[in-house]
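K.L.:
Sequence:
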Amino acid sequence: MEQYIVLIVAAAIVFVFILIVSFFRRYKRCPSDRILVIYGKVGKGDEAESRSAKCIHGGAAFIWPVIQDYSFLDLTPFSIEINLTSALSKQNIRVDV
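First residue of the sequence shown: 2, per our numbering; consecutive thereafter.
Derived by calculation from the structure, the hints in this document are not laboratory data.
Please read all numbers here as calculations on a predicted model, not as lab measurements.
Hints may be right or wrong, so weigh each one.
Claimed, not checked - Okay, derived cross-link-like pairs now, DSSO-like style, lysine-lysine, Cα gap no bigger than 30 Å in a straight line:
(1) 29 with 55
(2) 55 with 42
(3) 29 with 42
(4) 29 with 45
(5) 55 with 45
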């Protein structure tokens, strides 16, 4: 009888360990230079309140397995070069930038 109790306690410890590991794997933190976009079922209540996506900036959230998924949106600025020739100014003068 004691063997069964030890086996049940060991199984409970393994189960709790798996729960803790799975929780930490699905808990996502968002750095300050990104936006965490959670999509799937993110709203609560009826259709008027439900949303299809939630954006989190500088925080954290738990992502429900199977129901939700996530992606990061990068906020780092980048420069582009625009060659502007013969543009009109306010005074209707052609300028090259």
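K.L.:
Run every hint past the structure and note whether it holds.
P.N.:
So, going through the hints one by one against the coordinates:
1. 29 with 55: Distance ~13 Å between residue 29 and residue 55 Cα, so the pair holds.
2. 55 with 42: Distance ~9 Å between residue 55 and residue 42 Cα, so the pair holds.
3. 29 with 42: Status holds; Cα separation ~17 Å.
4. 29 with 45: holds (20 Å)
5. 55 with 45: Cα-Cα ~12 Å, so holds.
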